[in-house]
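The residues making up each chain are set out below.
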Amino acid sequence: MKLFHKMSALVLAFAATAVMAQTAPDAVVKNVANEVLAALKADASLGASPQKLGAFLDSKLSPNFNFTRMTALAMGRNWRTASPEQQKALTAEFKTLLNRTYSSALAGYKDKAIDVRPVKMAASDTEVIVKTSIASGASPILIDYSMEKAGDSWKAYDVTVAGVSLVTNYRDEFNNVIRESGIDGLIKSLQAKNK
Amino acid sequence: MKSLFVVLPALMLGACASLPPNHQLSPADPYEKANRSVGMFNEIVDIMFLKPVAKAYVTVAPELVQKGVSNFFGNIADGWSAVNDILQGKTDKAGDDLGRLLLNTTFGFGGVFDLATDAGIDKGNEDFGQTLGFWGVPTGPYLMLPLLGPSNVRDGLGLLPSFLFDPISKLSSGATSFAFTGLRAIDTRAGLFTTDALLNQASLDKYTYVRSAYLKRRENLVYDGKPPKTEDD
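Each protein sequence line maps, in turn, to chains A and W. Taking this note's numbering, I'd label the letters of the first sequence as residues 1 to 195. Taking this note's numbering, I'd label the letters of the second sequence as residues 196 to 428.
Hints were generated in silico from the structure; no laboratory data involved. Incorrect hints may have been included.
No more than 30 Å apart at the CA atoms, straight line, and that leaves these computed lysine-lysine pairs for DSS-like [claimed, not checked]:
1) A:LYS41 - A:LYS131
2) W:LYS401 - A:LYS131
3) A:LYS110 - W:LYS228
4) A:LYS188 - W:LYS228
Okay, chain W solo, but in the shape it has when bound (with noise of 0.2 Å):
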């Protein structure tokens, strides 16, 4: 244990990124430097902590756990979602992001059983990222976040409000909401494995690869799969 307090920031040091010479500084990306920096830092941290929890979680919990979990974190998102289609003025999708979170949190047990896929009522997927791109914020510079991976200026302000709203964070003990934290972490974490593993399967350089189909992906998002054509398209 003690080896790892010495590791770590020798680690974290070390995770320092330098750019080819004549490398050029994409538009979307001014911080690449700094990005890649904390880029090496967040990979690390998923190697030796986040990846094997998570993979003796996929191990060990029977799958039905799993999809409670999966369910009932997923049900919290559905309700963010419905708060973020009234923002956009989507009804229609208000409608069944709500219809989601009432038949799911009743009769679903908390969130724990998806009835509402079941019923076939489409799960959403807003959050107050895209709200603020519906409205035409700009995107500003790529950014990637410590522990929480690729965003950008935009995205990461949009992550304030679900923080602070976020109906783990208002749990009575502080233990209980870092426990529930934990979960949710291991559960998203659990998965990317197949995104991850074609991540590293695909890419020459990942970093650039995933701020690329990052960046590309929130626009279809704001769009709701039908973005503006490009000249390059």
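Chain A with its partners taken away, still in its complex shape (with noise of 0.2 Å):
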């Protein structure tokens, strides 16, 4: 009996770690980094379609980035001035343009390894930063995740390519469009580039 429950420790105790790994934010980063990846390499006509693709990356995107936040860091200081509603719409749209554009980044480079760095943290780290890189050539392209905790998950709310965030970097644009046309504006602007 007592062999019994030293043995039912131990398994939990591996079960433990396996989950722990599981969701590790820079076990999170691999697989949603690498799933996609070799979704693009296995199917060529996913890339061509907008619509198969846009669900496939929404499948795949959703559960690990947090958009509301994304779209709030683009917009800086106008994210306060819209109606709820507004934000719902802004963050769709938002959504649909990174899934597409973070896509045709890795589309780029299918061909080559993602290495992601293991994290050092700290049980109590509620944000971190997942670094990885692409070999290409002489020079790495080197691609980091902001993550925050959420419950028990990790979500991405920001993504660096070269040290250009691909969220902060539609401050200006944003800020541009809305000062002429308004929030409205913002997403009739986004919805146009979607189609």
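Both chains are given apart, each in its own frame, so use the hints to dock them into the complex.
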């Protein structure tokens, strides 16, 4: 009986590490990037059809990216002036745009391997940066993911390519559009872009 | 051919940007109107000449040749990077870049083979614009340079010494120098296909998107990947 207890404790410990490894922020990045890359490689028609690609990316990225926070970051000060409905519409459109940009960024390097550096973090950390690099000639491309802890899982809220944020890089553009045609104007521009 | 001479100046005249009436200039870009015009001119030159030539080059030239050409020009850049490492007192990086230059120039047949990367010596990417930034020279206004693309006053000035000391321009025959300069332009353009597609996909207004990305990227390079945090990050 004692042995049984020991055994089950051991099994539980193993299971716990497996779960932890599954949900660690670097593991999330590794899984998502590799799954998207593998799908782009395996199915050439995926990249050709925006609808198909959109649905696929939505299923892969939505659980692992905090698109609301991304949209708020890209909007800067203007986020708080938007109504809840406008925020919802903005997030939906920005999500589509980012999904497509992210996949076309990865598609450019689909023959390359992604190296995800292990994250050194304390158990109490709620925000970490996962650093990855894609071997490309003499100078690898550095892609960093800013991750936040949401409940038990980790979600990315910013993606930085060679030091340039794919999220905050929109701030000047969004500011211009909002100044010229308001928040509804921005929603319309994003919708037109995503068509 | 004759029509080209008529069309081109017309296009250049047409490449005169206008800004929306309630447009507010970014403090980083007081010359936006002129910059946009130059940017439109660059796009036209790119679409009409550079892009088709680079596309043909990528299609026709064997991959090994393309790689050799990239390595060759990269080797020259490594030498220039080493000079700028020294000017910034970064001795470790200077050692890496000098090591790369020596190894690739000798055993890599004048830089055609990049043995240093295979040996695990990372490529540096310093330039004189970064050296000026390192010593505290401010960026100055954003500038869109004809044919060369996004820049700013500091980085534009930083280009001057690299032109002056460019080994390609020191080649004895003017024709050879011209050919090498052309090849370098094609090699650079061929390396930008992925980036260009990405910019077109990502941006609502390519000009503003590229400007934000350029300024951020240069800041990141000056601080070697660790820029000071700003309040809106």
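Of the hints stated earlier, which fail here? 3
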